[in-house]
Structures are given as structure tokens and as C-alpha cells.
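Visitor: Sequence:
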Amino acid sequence: MRDYSALALRCYVQFLYSSSIEWTSEEMSDLLKLATAYGPVELISLCQPQQTFTSTDAADLGNSANKHSNSNDCSG
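30 is the number that the numbering used here gives to position 30 of the sequence shown; each next residue is one higher, with no gaps.
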């Protein structure tokens, strides 16, 4: 346990007791290591970086879909 910051340990124990957590990016690495070593699995998924989906991504996806549907017109 000496490998982890006191703040990360406090956040970890808080999660174990309450299933809620608040942390900064500084604690996230230690929290992920703690969760990987000792569980729970739910904390691992919370600590892993999440991909965000922006409105630009949505527009790009829509444009790609339109190009794909126009180039694969099966009407003959």
C-alpha cells in the first residue's frame, strides 16, 4: 500500500463503502492500480479513460454514412 498516495487510498476506501467517488486525474492512475490489484471491477471501468463523442464526430459519421449509402445504391 506504500506505492499509492494517501489521497488515492482515501478515494478507494470511499468507493468501497459508498460506491461513489470523486478524484482528480492525479489519483486516477493510483485508483486504477488499486482496483486492478484488489477490485472491484466496477472501479476499474470507472478509472479507464472514456472516449467522448462530440458533435463533430457525429457530423463526420453522418457524412460518411451518406457517402456510403449514395455509392452503394442497389436500385439498378
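Source of the hints: derived by calculation from the structure; they are not laboratory data. Just so you know, these numbers come straight off a predicted model, no measurement behind them. Some hints here could point you the wrong way.
SDA-like cross-link-like pairs, simulated, lysine to any residue; straight-line CA separation at most 20 Å [as the list claims (entries may be wrong)]: (1) Lys33 with Tyr4; (2) Lys33 with Leu7; (3) Lys33 with Leu9; (4) Lys33 with Ile21; (5) Lys33 with Leu16; (6) Lys33 with Gln48; (7) Lys33 with Pro49; (8) Lys33 with Gln14; (9) Lys33 with Ser19; (10) Lys33 with Trp23; (11) Lys33 with Arg2; (12) Lys33 with Ser45; (13) Lys33 with Asp3; (14) Lys33 with Leu46; (15) Lys33 with Met1; (16) Lys33 with Arg10; (17) Lys33 with Ala6; (18) Lys33 with Ser5; (19) Lys33 with Tyr17; (20) Lys33 with Ile44; (21) Lys33 with Val13; (22) Lys33 with Ser20; (23) Lys33 with Glu22.
Visitor: Compare the structure with each hint and give your call.
Guide: Hints versus structure:
no., hint, result
1, Lys33 with Tyr4, "holds (9 Å)"
2, Lys33 with Leu7, "holds (14 Å)"
3, Lys33 with Leu9, "holds (11 Å)"
4, Lys33 with Ile21, "holds (15 Å)"
5, Lys33 with Leu16, "holds (15 Å)"
6, Lys33 with Gln48, "holds (11 Å)"
7, Lys33 with Pro49, "holds (14 Å)"
8, Lys33 with Gln14, "holds (16 Å)"
9, Lys33 with Ser19, "holds (17 Å)"
10, Lys33 with Trp23, "holds (14 Å)"
11, Lys33 with Arg2, "holds (12 Å)"
12, Lys33 with Ser45, "holds (12 Å)"
13, Lys33 with Asp3, "holds (10 Å)"
14, Lys33 with Leu46, "holds (12 Å)"
15, Lys33 with Met1, "holds (11 Å)"
16, Lys33 with Arg10, "holds (14 Å)"
17, Lys33 with Ala6, "holds (14 Å)"
18, Lys33 with Ser5, "holds (11 Å)"
19, Lys33 with Tyr17, "holds (18 Å)"
20, Lys33 with Ile44, "holds (8 Å)"
21, Lys33 with Val13, "holds (14 Å)"
22, Lys33 with Ser20, "holds (18 Å)"
23, Lys33 with Glu22, "holds (16 Å)"
In summary, the structure agrees with every hint in the numbered list given earlier.
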